[in-house]
Every structure is written in C-alpha cells, then in structure tokens.
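So the chains spell out like this:
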Amino acid sequence: MTLAPLLAAILAVTGSGLAEPPVIAEPLAPQRLAGEPLDPAREARVQALAKVLRCPVCQGLSIADSPSSMARAQLEKVRELVREGKTDQEIFAYFEARYGEFALLEPKAQGINLLAWVGPMALLLFGFFVILSQVRRRGSAVSPAQGGPPAAAPPAEDEYLRQVRSEIER
Amino acid sequence: MSDVARPAPPRRTLLWLFAAGACLFVLGVLAVWWKAFGTDPHRVPFELEGQPAPTFTLRRLDNGEPVSFDKLKGNPLVLNFWATWCGPCRQEHPVLEWAAGRFGDKVQFYGVVFEDSEENARRFIAEHGARYPQLIDPTSTMAVDYGVTGVPETYFIDRDGIIRGKVAQPIDPQTMTERIRELVAPPAPDGGSP
Amino acid sequence: MSSLIGYGLVLGGLGCGIFGAVVGLWGGLARREAALIWVQRAVYGFALCMIGSNLAMIAALLSHDFSVKYVAQVGSRSTPVLFTVVSLWSALEGSILFWGGILGVYLLAFALLHRRAPARSLQLAMGVMCAVAVFFAFLIAGPANPWAHIPNPLPDGPGPNPLLQNHPLMIVHPPMLYLGYVGMTVPFGIAAGALIAGEMGESWTAPLRKWTLAPWLFLTLGVILGSWWAYAVLGWGGYWAWDPVENASFLPWLTATAFMHSTMVLERRRMLKLWTLALALGSFVLTVIGTFMTRSGVFNSVHSFTQSDIGPTFLVFIGVTFLFSIVLLVARGHLLLAESQLDSIFSREGAILFLNLLLVALTFTVFTGTTFPLFVEALLNKRMSVGEPYFNRFAVPGGFLLLALLGACPLLPWGSADPRKVLRQVVAPGAAAVGTVALCAIAGLRGFWPLAIFGVAAFAGVVTLAELFLPARQRIAHHGEGALTALAQSVSRASRRFGGYVVHVGVIVIVVAIAASSAYKIHASGTVKAGQALEVGDYQVRFDGLSSGSEPHRSWTAANVTILGPGGESHSLAGKDGPRMNFYERSTDPVGSPAVKLELARDVYVSLLAFDPQANTASFNAWVFPLVGWIWYAIPILVLGSAIALWPQRRREVAAEAAAPPGAGAPPVSPGLSAGAP
Chain A
336 MTLAPLLAAI LAVTGSGLAE PPVIAEPLAP QRLAGEPLDP AREARVQALA
386 KVLRCPVCQG LSIADSPSSM ARAQLEKVRE LVREGKTDQE IFAYFEARYG
436 EFALLEPKAQ GINLLAWVGP MALLLFGFFV ILSQVRRRGS AVSPAQGGPP
486 AAAPPAEDEY LRQVRSEIER
Chain B
306 MSDVARPAPP RRTLLWLFAA GACLFVLGVL AVWWKAFGTD PHRVPFELEG
356 QPAPTFTLRR LDNGEPVSFD KLKGNPLVLN FWATWCGPCR QEHPVLEWAA
406 GRFGDKVQFY GVVFEDSEEN ARRFIAEHGA RYPQLIDPTS TMAVDYGVTG
456 VPETYFIDRD GIIRGKVAQP IDPQTMTERI RELVAPPAPD GGSP
Chain C
143 MSSLIGYGLV LGGLGCGIFG AVVGLWGGLA RREAALIWVQ RAVYGFALCM
193 IGSNLAMIAA LLSHDFSVKY VAQVGSRSTP VLFTVVSLWS ALEGSILFWG
243 GILGVYLLAF ALLHRRAPAR SLQLAMGVMC AVAVFFAFLI AGPANPWAHI
293 PNPLPDGPGP NPLLQNHPLM IVHPPMLYLG YVGMTVPFGI AAGALIAGEM
343 GESWTAPLRK WTLAPWLFLT LGVILGSWWA YAVLGWGGYW AWDPVENASF
393 LPWLTATAFM HSTMVLERRR MLKLWTLALA LGSFVLTVIG TFMTRSGVFN
443 SVHSFTQSDI GPTFLVFIGV TFLFSIVLLV ARGHLLLAES QLDSIFSREG
493 AILFLNLLLV ALTFTVFTGT TFPLFVEALL NKRMSVGEPY FNRFAVPGGF
543 LLLALLGACP LLPWGSADPR KVLRQVVAPG AAAVGTVALC AIAGLRGFWP
593 LAIFGVAAFA GVVTLAELFL PARQRIAHHG EGALTALAQS VSRASRRFGG
643 YVVHVGVIVI VVAIAASSAY KIHASGTVKA GQALEVGDYQ VRFDGLSSGS
693 EPHRSWTAAN VTILGPGGES HSLAGKDGPR MNFYERSTDP VGSPAVKLEL
743 ARDVYVSLLA FDPQANTASF NAWVFPLVGW IWYAIPILVL GSAIALWPQR
793 RREVAAEAAA PPGAGAPPVS PGLSAGAP
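Chains as they are written, first to last, in this note's numbering: chain A, 336 to 505; chain B, 306 to 499; chain C, 143 to 820.
Take the hints with a grain of salt, since some may be wrong.
[Said to hold, decoys possible] Just so you have them, the derived chain B footprint on chain A, three or more residues with Cβ under 8 Å:
no. : stretch
1   : 410-422
2   : 447-453
[To be verified] Derived lysine-lysine pairs resembling BS3-like cross-links, with alpha carbons at most 25 Å apart:
no. : chain 1 : residue 1 : chain 2 : residue 2
3   : C       : K524      : C       : K563
4   : A       : K386      : A       : K421
5   : B       : K340      : C       : K739
6   : C       : K524      : A       : K443
7   : C       : K718      : A       : K386
8   : C       : K739      : C       : K718
9   : B       : K411      : A       : K443
Hints listed in this document are in silico derivations from the structure and should not be mistaken for laboratory results. All values derive from a computational prediction rather than experimental measurement. For each residue, glycine too, the CB sits at the ideal point set by N, CA and C.
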C-alpha cells in the first residue's frame, strides 16, 4: 500500500471539509452548565484546592479562577474527589499523575524547587546581617566631620525643632 | 572630589566578590533564557503516556447503552474528545470519519463528547454523520481522568489498554495513519493478535 | 513612498544616535567641552527623526497605505479612527517604533532642560543615552522593521488584535507603560555618565531623582491601568495573576521605588552611594529585561500574542548593559563607599535601609518565580509552574512589612531615635491601629493577614496624615496664617516632602483595597432559569433572558441581568452591557466580557460561563469585591503627589536652601546637572 494516493484521497475529503466557510451561523458556546457546589464546608475545601491547581489551557490561572470549560471540568473532578473523601495529598497526586508538576501552581518544597523557596529567604537574611554589620558599634569613634544632622532633638524643646525639621526635611 | 576615602582592602574584595556573584547569576539567567528559545511556552506535559488507560463506563449517545472500558480491551482503541462548540473539532471531523472507515476493521473508534449537551451532539452527528459510536461524559470527569487539556484531542490506546500517546490538536490524515500503524503493528511476542 | 520616508527617518535616527554616542563618550572622556554642541545636535536629530517616523506611521495607518508591512499587518478599513491610531502599538514592530519615538521625546526633553549644566557630565550622560538609542534604532531598522515595503498590497488588512481593541483602557495603558520603561533610560544615562566621569560629588543626585520619579509615576500608572484592564476585560474576576508580563512591569517599579528612598539617605547621610547608583542602573536593566519577557515569546503569558524572534538580540543587549553597569560600579567602587556609618537601626536611615532590603528581596522573589520554570525546564527538561500561591506567600507579608515601614519611618528621626520620644508619638497611631482591628473583628471580619494589614494601614494612615499637615498646623499656630495660606506655604516650601506623603496616602489606599478585595470577596456560581436569581452575598443577580448581536469582527451573546441590592435598589445590565461571550473566528473558546456594577464600597462582578437558548438558562460566576475600585481610584492621589514632588522649586527658595548647612536635606545645587534644571 503506497501512501501517496491515500493521502491525496484524504486531502480531498478534508479539503472539502475545510473549504466550508468559517462563518459561524449561530454562536457556539460550551453549553454544559456549571456544576452544583457541594455543601458549604466541603465546597470551601474544593475552592481552596482549586486555587492552587493550574488550568492547563489558560496562562497561569488556577482552575478556581479560570472561566474556561477545561477548568470547569477539572473543578468538577475536584468536587468528585472531595466527595469521595480523598485527602488533599491524594487530590494533588491525581492531577500530578496526569499533568505533571505543571498542574501545581505552588511548587512543592522538595528537590530543586527548594531553591525557589529558600532563595528569597536567604537573600532577606543575608541583607539583614549586612545592614546590622553597618551599624556603628557602641563606643567607636564618632566622626562629626561627616555632616549628618544632629541626632534626635532633645525631648524638652522638641516642638520648635520639630517644626524646623519638618520644614527643611524633604 | 572631596569625598575620596582610602578604602579598606577587605571591602574592596567584598565588592569584587559581589560583582562576580552577580555576573555568575546573570550569566546563568541568560543561559536559561537562551535555552528557552524555540520551546513552546504553552506546552502542557502529558504524563499518562505508557501508562494503563484509566477505566470508564459511559453511555452511548445513540442508544444509551453503557460502554465499559474493560470490554474494549483486546483491540486497539482510538478515543477522540470533541465538542460542537469547538471550531477545530468540526474541521477534523472528516479525518475521523475517513479513518473510521479505513481502519475500522483493525481499530475501534470512539468519540467522547466534552463539555457539551447531548442535544447539540446529536444534532451535529445527524448533520455530519458518524461512522463510529459517540460516548457521553456528562461531568467531563472522564476527560480529566485521561489528562485532556482541551478539545480536540485524540488518544491512541493499544490492545493491552496502554496509552501510547495523544495528539492535542486537530489531527491530520498522515498523523492518524502513522499512529494507527504503530498501534496495530505486530506487538512484542507475548501480545496476542485479535 | 511612505515606506521610504519612514525608513529613511529611522536610518537618520540611527545615524544621529551613533554620532551622539561616539562624540558624547569621546568628548567626555577626552574632556573636549566644545564637542557638547554636537552631542546636543545629535540628540535633537535623533528625536526629530524618531518622532517624525512615528507621525509618518500614524499617517500611513490613517491613509490605509497597505504597501507598508506594518499597516498590512494591523490595519483595516473597518477599524474606527481612534483604534487605527492606537494600533501603532498593538503589535511588535509598531510598539518598538513607538518606543523609539518616546525615547526621542525623553532625550529631547533632557537635552533642552539641561542646556547649562557642565559640559562633561552632559556629554557622558547623553552619550550613554544615545548608545541606548542606537540599540532601539537598530531594532527598528533591522530585526523589527515596520516599514518594509510590500510591492503588491492587498486592498484591506485584518485589523489589530481584537483583545486590544475592545476597551478604552488599551488606549492609555500601553503608552503609560512605555513612558515608564523608556524613561528609565535617562536616569541610567545620568548615573552611568557620573560613574564614567568619576565625579562622585552630589551634583547628579537631584536630576537623577527627578528623572526617576517621572518614569516611576508612568510605570505605576501603567501597572495599575493594566490591572484595571484585566479586571474589566478578561472576566475571571481578578486584576493580577502574577503573569510573567505583569511581573516584568513590576520588577523595575520595585527597584525604582527602592531608589527613590535610598536617594534620601544618600542626600542626608552620604551613605548608600554605591547602592543608589546600582538601583538606578538596575532599574534600567530590568526595564530591558521586562521588554524581553514581553516580546521574546519565551514566557507563558497572556501577552503571548507578541511573540517574535527579536529575543536573542535583546538577550545580547541585556548582557551588555548589565556588564557595563557592573564594570562601572566596581571600577568606581572605591569612590562610592559610605562616608558615615549607621548610628542606630532605630533611625530614619535604618528604616529606609530595611525598606530597600524588602523591596529588593521582593524583586528577587518575583524574578525568581517568573524565571524558575524555565530554569527547571532547561536543567531537568521538566515542566513546572510557579503561580499565584507562591507569589502571595511572599507578597502578603511583604506588603504588610512595607506598610509597617511606611508608618514607622516618619516617626524615626535621622541619626538615632530617642526611644521615649518615639514611644510618645506611637500612642495615637497605635490606638488607631488597635481600634481599627477591634472594629473589624467586631464587624465579623476574620483572618490574620487582612486584619494585620488593616491595623498597620490605620497606623500608617494616621502617621502620614499627621506628617502631611503638621507644617501647616504649625504655621497656623506660630505665624497666625490662615489655613489655606499655611497649607499652600507648607506645600511650596517642602514640595518633595509633601508630595511624597501624598503618594504614601495613595499607597496605603491601594494596599487596603487589595487586602480587602482579595480576603473578603464573596463568590457564587450557578445556573439559573430566566426570571430566577443567583444569590451572591447581599445581592441578587437576576437573569432576564439572552440577547445577541454581531459586529464586523465578532458576534456576541449576552445575558441580560438585573442586580438587586440589599436595599431593594435594582440595576439593569442588558444587551452589550450585560455579561457576554464574544465569538471570534479563530478562537476555540469564546472570550467572555464581564459586567460590573460599580459602587464606592464594592463592585458586583458578573461573568457569563455558559448558556442554553433552548432551556433559557444561563450559568454565571458572580463576585462581590469589597473596595476593589479603590485600587484605581487611588490613581489621582498618586499623580497629585508625584506632580507636587516634581514641581519646580522657585529659584529664590532654591537659593535659600542652598545656603542651608550641608546635610540639612536641601537638594544640592552645586555645579552639576541640576544647575540647568528649571
């Protein structure tokens, strides 16, 4: 069986299909209507879970936020899993088994992902110590030549000095 | 300038260290971005390839009879997820019709209606015809079981019920032919032929 | 013909840019002050060419000259005139051209306002700016050329991207963002020029600050308007999704904000010189990175309609600007080390240092989160996501700390604080904070972070308002001035201080609005028959049937809804005003448009999920968002504050302040760039 005539035939078939004018006679919309929420307590859990699961067809939206039909189907699946009494971990594992770690909007704190979690904290801590190290140690020489306004005004006469301070300070 | 201060040597070293660190960081970032060129930022991973297909029991659109996945095992299976509201699904419909006629003796074809009403699907089938049975997935949860990311998507499942792959876009005849060939190719010695 | 003119102007701009960069840098390094006039002429030439090329493109768009590639790409005879002009920035090539035009305007403004500054700093600063201009002129002339000639033009074109022409905010949001991005070129030029010259005096601080404040304001507006657009158009009930492109605009905003504050420490205490310059240089590099993120097609983003192949060019430019900045900072590092040390952490400068740390850590977090999926994919070939929950985990405490510092800063004096005095000042705002939290708790509001943020916002609000009106009150008390005179005097005497606090008020409003709208939103979703209502909080959304219509580029189906308030008031949204679905030919899923009922205290937001004409039912997502509108209603406050801070000081006062003792906080007017400023 050679492929060429076959393909030609196929193309003829599909060609006629494609040649149909792309005019939309009537607006087409996903018409399966939104699923019914569970009881408030369980529905709250559904929404919390849906908030951290990624809608695959959207750009970074969760399935709780996305208005797409795909997200609605997945939200319905979360409801089903919650109804079956699955734990959060089992529900995440369900989606991970299908869409990989891509499905989790919050990276799991393990393996290489730890870098994303630890990095900002490390920077913050490091910066904190750098700032602390800049503080003049008590008793070290003061360098009056370096300008710098007088330290806080003495408490007794503060009102007038405060006013001056306020006026010149910009 | 008046504010030139003789720097203490350790601070100078520190500055160099900082600069070197920043350069390394930026170099790494640039390399990562460079590597990302040409990749599709919208690609969604599909982890079920090579895994046993999830089981399901769904009603047929035409006669309402239940179809169970366990009964379908033994023969290769092509599952097509579609909806009437999806333009590309309409475009690929003739390819599926053709393939069902051409390969229907070796492979089972099933359509699964995704996020759509039965009436819509019936009307579409009445209008465009279908040589293969359609299934109704009323809550679309079976589609999620299969890791669908939207419609149209076409799944290829071998006779042992293992998902061999999927095509997540309107399928063209050549891809369809190639995929089906892989599916019906003589399996490893232990695979029974139908 | 117009292709030829437009492209010729681009080449002219490229030539002027190269000439200005070479002469400016050479003249500055070789100390040839006479060359300044040629640098200025090059800048004028570049500006005229780029503005001219933009005007030529608008003319080509308006005359539907489809022989121009860009017009053939985005033009259409059926597009309304306004959106035809707007399509100048609706696709890649046009937006880069627009970018070049804005750069021209900025360079022209800089050259005209600083005619009388010392030649050397001017030459070097403008030389660096011209070098940046060369890159963009090169992009327009080569990889992203909008002027390519099409020999056999078609009679009509497809028109701009539909998503970009369905809301008036799209007319103002992109230009604001570009004004912010491009504007960072000027502080980059000033800072790099000062570093090259090795003149590390204070002459550059005032112009650097002013030329950063203007783009900072535009960037702020661009970001807020963009989030407003997403809220009003995309229909998912949010305004910020930590999308890579949103993040891209947020990054330089964070560092520019850090810069605006660290420069105060620099001027008062002569500390943080290296740090402040690094922030000025870094903000510019981040704007280039932001453009790369938007335009390269590497990131998974709502803006991915702008994919192109100019990514590698940008990558090279990012590398070059970064390396240039780092080399300058290291080479001049010994001139930039602090002249004084911190006396105490409990001081104004200590608080600003922590603010800087916080902003930079947030920058790093947002950057990491945005790039991390690409990093993992490059390393392990595994796709993963970093989304809203990750960013919020850092941004929520970050926002809290930000407000806390905003409230604490004005209470802490420069130098070191006297604990007893600070404690006395804390009493009133502290009471306001505790009272606010208690009131919120009594009103039934729960949750740690929102209540904490409301409390600290009350604290910061009281402190800021007190500081805002303190000088006026003292003028009234001590000089017996009338209230208005006193206020006007206090504003004009310390416009930067007053403007800064006004901006702070705007920031407090925005943070409170963000916290309230995300913590206390009420969501309902369901399917209703015509005549029935969906209940969301105290509101009812009644479905009154479907309506539909069509326009040249799309058709739509809308649900007519009536929103019934708790007091029995009703608000009808029918036809195109109702929540609707738009059907575009090429799009698989329909694109929804929400309907929003605006109130001062809350928005009722309805979007259509699905409908069934046979059964006459519709499914809705409905939300009540408390206070959400205040995120955008705060825009005038931010504009007012920035305008006050930017307002030129009258010369008499500038002279008076110059006579003030050094370190007293007056903007330095020693010979330098500022001498020529108005």
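Q: Verify the proposed pairing of K386/A with K421/A, using a straight-line Cα cut of 25 Å.
A: Judged against 25 Å, a Cα distance of about 17 Å means the pair holds.
Q.
Just to make sure I understand the rule, a stretch counts as covered if three or more of its residues have a C-beta closer than 8 Å to a C-beta of the chain. Does the stretch 410-422 of chain A meet that for chain B?
A. Coverage by chain B holds here, the residue count being 3 at a Cβ distance below 8 Å.
Q | Given hint K386/A paired with K718/C - CA-CA distance at most 25 Å | A | With Cα atoms ~30 Å apart, K718/C and K386/A exceed 25 Å; violated.
Q. Is K340/B close enough to K739/C, meaning Cα to Cα at most 25 Å?
A. violated, 46 Å
Q. K411/B and K443/A: Cα distance at most 25 Å?
A. It is violated: about 44 Å lies between the C-alpha atoms, which goes past 25 Å.
Q) At a Cβ distance under 8 Å, does chain B reach at least three residues of the stretch 447-453 of chain A? A) Per the Cβ count (0), the hint is violated.
Q. Taking 25 Å as the top limit, are the C-alpha atoms of K524/C and K563/C close enough?
A. At roughly 57 Å apart (the allowed maximum being 25 Å), K563/C and K524/C break the hint.
Q: Sort out whether K718/C lies within 25 Å of K739/C, counting only the CA atoms.
A: Holds, because 14 Å separates the two Cα atoms, which is no more than 25 Å.
Q.
Given the hinted pair K524/C and K443/A, is their Cα-Cα distance within 25 Å?
A. Roughly 14 Å separates the two Cα atoms, so the pair holds.
Hint check: violations occur at hints 2, 3, 5, 7, 9; the rest are consistent with the structure.
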